[in-house]
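Just so we're on the same page, the numbering used here is the position in the sequence shown counted from 1, plus 163.
Please note: incorrect hints may appear among the correct ones.
[Claimed, not checked] Pairwise CB distance ranges (calculated):
#: 1; residue 1: 326; residue 2: 279; range: 41 to 49 angstroms
#: 2; residue 1: 188; residue 2: 307; range: 55 to 63 angstroms
#: 3; residue 1: 334; residue 2: 501; range: 42 to 50 angstroms
#: 4; residue 1: 333; residue 2: 172; range: 26 to 34 angstroms
#: 5; residue 1: 419; residue 2: 214; range: 45 to 53 angstroms
#: 6; residue 1: 485; residue 2: 211; range: 52 to 60 angstroms
Keep in mind that the hints were calculated from the coordinates and are not lab data.
This structure is a prediction, so every number in the text was calculated from the model and none was measured.
No residue lacks a Cβ here, since even glycine has one placed at the ideal position from N, Cα and C.
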Amino acid sequence: MVDTVALITPDTVRDHRALQRGWRQARLTLIGTVAGTVIILLGLAVPQIAGRDSVTGLAVSMSALVILLGSIVVAHAANTIRRLSNTHRRLVLVAAILLGCSAGAPVLTLSTIEAVAHTLLPPAGQSENPETGWPTILVGAGTLVVWALVAVVLCQPERESTARRYLVWRILTPVMVVIGVGVPAGIILTADESTYFLGDFAVFQLLILMVGAGWAGIAGYVFSLYLVVGLRASARVFAHRDAPDIRHHSRAGAQRAAYALSMAALLMAGIAWLLSHDRIATFGLGLTAPKTLSPDQVPSLAITAFAGAALVCAVVAWWIRRTRSTWTLLIATAVIVLCTLAAAWGHIGAPESAPHDAVDTAATWVAVEG
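Go ahead and model the full structure; you've got the sequences and the hints to work with.
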């Protein structure tokens, strides 16, 4: 017994914690990789089974690497929210779904919203059947289920890691990556009349990773950064981690009010950002996504109302609980509100300012399948 106790030293404890930390990171990476692979397979299988709406399958195929990397980031970020909130299950569920939709697979999120809008409210004079969008809606619903399952898995008690389990995780992660990227590559390269080779597919993936993730998906990724900041602040407020000594309104009711207001700020800012998404997303390359409503049809007054409500909620949350977390949330909300109002009233990315060569390039990419 004495010998066993003597073996426990600060160095051994530090090494053990570092080992556990490495195992935890490997587990989270595997969870994100599995989630991304399942989403990719859903985006490929459902349109193929339905025999229509193949544009969704093409978008998923060309964005496979981006979806995988985004899913890994979402798994790690959602686990951070879980840790800061002391495993508040509802907050982890909200974090996984919101971050998954904005950073994990923003292409599918936008496609699903457009499909729902065209199915429920088809534009006047539309010649196509609105029911052709149901495969995309089904893929979007399946994606939400995947993110919900990720939240459930993250909230489960962690078992003691072993060397064998760690080895399995290290083996399964590259296997999932190969499946997530290899299946889309196989479908595209083996398609009828396909003139592409494996090198072409790899170049497309790298171009979308560098250009598509940085510009075409700028709105989703920028808003995901705001969500990470806001959800971290909300988790700290909920778990009383935002300050060691709070002198202003330290009652439990005030703490719950600050938490509710911080979540309301995220919700209002999300609605405003989504309404102005066409204008913000087109700022990067000056492009308007096909089959989307014109930015002029987005009511600027509604965007302003939601953005103002988000800022008011953030200000009141900071006034109730004056901590660094609520102050960070207030600053981040102010930045998002400024960007949203600029998009609502500044006519950013108006269709008439789009360069013809960029539009032609986008049309060529969409027409690759044909």
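Consistency of the hints with the structure:
1. At about 47 angstroms, the beta-carbon gap between residue 326 and residue 279 stays in the expected band of 41 to 49 angstroms.
2. In this structure, residue 188 and residue 307 break the distance hint of 55 to 63 angstroms, their C-beta atoms being roughly 26 angstroms apart.
3. In this structure the supplied range 42 to 50 angstroms holds for residue 334 paired with residue 501, their Cβ-Cβ distance being about 47 angstroms.
4. The supplied range of 26 to 34 angstroms is met by residue 333 and residue 172, whose beta-carbon atoms lie about 28 angstroms from each other.
5. At about 51 angstroms, the CB distance of residue 419 to residue 214 agrees with the hint of 45 to 53 angstroms.
6. At roughly 55 angstroms, the beta-carbon separation of residue 485 and residue 211 lies within the given 52 to 60 angstroms, and the hint holds.
Hint compliance for this structure: hint 2 is the single one not met.
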